[in-house]
Amino acid sequence: MKKYNPKAIEAKWQKVWAKQKLNLAKDGSKKPKFYALIEFPFPSGDGLHVGHMRSYTALDVVARKRRAEGYEVLYPIGWDAFGLPTENYAIKTGRQPALITKQNTTRYRKQLQSLGFSFDWSREVNTTDPNYYKWTQWLFLQFFKKGLAYKAKIAINWCPKDKIGLANEEVVTRSTGSGQVEVCERCGTAVEQREKDQWLLAITKYADRLDRELDLVDYPEPVKLQQRNWIGRREGAEIEFKVINPTPDPLPEGEGEVGEFGYHTTDPNTWRVLQDRALEMRKSPTPAEKILWQSLRNNSTGSHFRRQQIIWKFIADFVCLEKALVIEVDGDIHDYQKVEDEERSTFLRESGFKVIRFHNDEVIKNTSLVVEKIKDQLKALPFGEGLGGVIKIFTTRPETIFGVTFIARAGKADRFTGEYAVNPANQEKIPIWEAEYVMDGVGTGAVMGVPAHDERDLEFAKKHNLPIKDVPMADQETLTKIGAKPHTTYKLRDWVFSRQRYWGEPIPLIFCAKCNEWQPVPDKDLPVKLPKVKKYEPTDNGDSPLANIKSWVETKCPKCGGAARRETDVMPNWAGSSWYYLAYLMKKAIGQRPTSLGLASSNIKHWLPVDWYNGGMEHTTLHLLYSRFWHKVLNDLKLVPGKEPYAKRTSHGLILAHDGEKMSKSRGNVVNPDELVKRFGADTLRIYEMFMGPFGQAIAWSEDGLVGSRRFLERVWKMAEKVDKKKGKGVAVSDLNPKLQSTIIKVGEDIEAMKFNTAISSLMILLNEFEAAASIPAQFFKTFLKLLSPFAPHLADELWHHLGEKKSIHLAPWPKGEKIASEKVKIVIQINGKTRDLIEVSAKISELELKQLVLEQPKVINWVKGKEVVKTIVVPRRLVNLVLGD
RNA sequence: GCCGCGGUGGCGGAAUUGGCAGACGCACGGGACUCAAAAUCCCGCGAGGGUUAACCUCAUGUGGGUUCAAUUCCCACCCGCGGCACCA
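Using the numbering used here, read the first sequence as starting at 2 and increasing by one per residue.
FYI, nobody ran anything at the bench for these hints, they're computed from the structure.
In silico lysine to aspartate or glutamate, EDC-like type, Cα no more than 20 Å apart, as pairs: (1) 16 with 806; (2) 430 with 420; (3) 463 with 437; (4) 355 with 377; (5) 860 with 850; (6) 27 with 70; (7) 872 with 850; (8) 663 with 704; (9) 860 with 841; (10) 4 with 772; (11) 152 with 544; (12) 560 with 524; (13) 197 with 163; (14) 32 with 73; (15) 413 with 437; (16) 644 with 212; (17) 291 with 373.
Restraint-style ranges between C-beta atoms, simulated for each label pair: (18) 70 with 103: 34 to 40 Å; (19) 368 with 278: 23 to 29 Å; (20) 182 with 607: 49 to 55 Å.
Note that this is a predicted model, so its numbers are computed, not measured. Built from N, CA and C at the ideal position, the CB exists for glycine as well.
Whole structure, please, built from the sequences with the hints as guidance.
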């Protein structure tokens, strides 16, 4: 037999397997299905590195084992090719991103093929292929049509020097003398925040399910935990604190009484008259009032409105007390009442109210615009200012309410507002503060300060000399009585889905000024293709470069046919990867016009869910969460089966560079497998990556052990020559079988548990035994090869054929190990818990006989001499421990 | 600060979940083969002591504890990596 020459045999077998279509998954197969998935790579200019290989090899091992176990296995591959590195390279070189991508994928494909992964190449997908992103766009439109996509003003990172918007990944934190500063990754200029209208996906509407339905899947606990922390579900209660004693008190001192809402009116009689009138007005509103009330009631603006509200001697149409906003809807009658209106507006303004007016016609004809204006106002106003309002507080510990000594709402500096609130539990008057540590956008933007039970509250109380009250906990009844409503909040924010960039999927929406609405691009017009541009940089005002292409932007409204403009933002990198596990199943459909039917094909039903998905921990809170979200939405639309896309998730540890840093081109520490494949062979590299350490743990790349893996394979190669021929001294053949059987069991279990390092180590041990044996039956060695074949597929197939087999080793069934209880067992003898001797006895020995035998051992006699055996512990088949007295 | 993961020979790491600590591999030392080197094969390889043998003592980040017995369980702490970060 020739020398082991991996270069020759690896290329040979790769061709044979491709020709025999060994790795193509059959859609209609009656075998049980197994869908193995790895995170498809981003084809960067650096080429594949040894870190990619770890995950791909691991699932390749699993996939090959499953095929041998009789499953129809789908192990697909594709390219997640939209993204910044390509775009930045395009900016630098002026080359087209599509061409750069093509070049990179060609290189990656070659590299992956040289490593012998059993991917089904017939299903290769590419997120930048118009056929692919046509579907990404269509799926986005399903979100839009379901009301899950909306536009809102969101701050983006803006580099004032480069004059472009930056993705979060392009912003780095730098430490300066005065603290941490966010700077532009390229030029180092401090990043500013700029508000831009952006598309968002309402992932928060699925927060609860994304949390709860983690119970349905087999993910590592740390992954579940990290997702749960990210979603940040908090159960608690919402409690209203009434605000009293408004400042400055602008009201004339009448006979006065504290009214229902805690502020003064003139005198009781006037108040009663006003109340009657207000009630009457509420019963018979004007058409405009009626329409507007529909939009304001039930907290639909996010704030609580009252109508026909008495304020001093006036009745205001709509009032939001917590924001101190008054909305007046005027008819023509006001033309006669100018003086009164003046007086009332002046009074309200002086009392701290903001007053906005709309005309009846305005409200009736353009309700949505009016409501938008009101919402904008509400947004601009601080919370809880004004007269007789309430402050809503979300707390996870409502039972501590008796210990509340202050209220603090979000503010830029610590400051007493001069206002007080009433603790609904004990009617105590407590001060309202603004505090730096309270954040807008968390909970209700205000906290009840309980210094005795919260560290930050305590710190604040100490700093500002506020009382600290330690008290018994409130019971459920008290909480109900004070109107505490059970409430759940989430840390998760909606997903900002707009990028002012070029290299992404155009968002397929059109704004028509006439319809005053965003219109979806009709299915028949998809994909909205990325037009070719000359410059790939975002524009001076931060818009996508697409905004500069007039001919592309200007289009017709799909609804009314009038002049309209396209959305110029593109989708984030995470869009295409949110559904790629479906794309692999859509072989033919992907080229066709997107429809619900095309998606809900039998293939998708057949293959879902993904049975085993391996990927990196770094994707836990982004990609993994996003794609679960998409799947749930698609499931609600009855487009895909099942609540969860991935039945089982595992994580690999990162392979770091020699220096222990993350591999990246900018650090110049990327290790490319090509040269290693040339020097050692793909099989050696695969074995080494699986052997170098525990799969789930990060490990620094080192080539020191590679030679050991190569030696192992060389020894396997040599062993093939000795099979059934070797004569002479050594272990008897029959002694090999128990070891072989236990290795079969061990390797099988280890692969399932992703303990590849110990699987390989047990194969090495078996080989060591083979080498020591007098002769090796061919069947034994074939079984060994089969166990080795998922790890070193080329070498295994080559030797398999040497032994006379005609079909590929990868078509042979996975061996079943037999548990053979050995006749003899080794028993550890301990004296006072310390190992003193080791004896070999029959496995069938009785406990009594064993104890006797132990006491007869010369070493034991020596240790026991002159002492008493107080206690004897016997662990069957394992150990005897003698406890001696003094 | 909080959450998660980890800490075992010169190095990567094993240890059937409480039962021989250091499997397997790398590196290293000695030997065989060779004119020589490489490759290969054999032997050794945690530290200290010991008549360099048998054997003994110590040793799994540190300090305590539980147990006949602890790398494994409990308590307190130290260090490294990753994530979140005034989250009410």
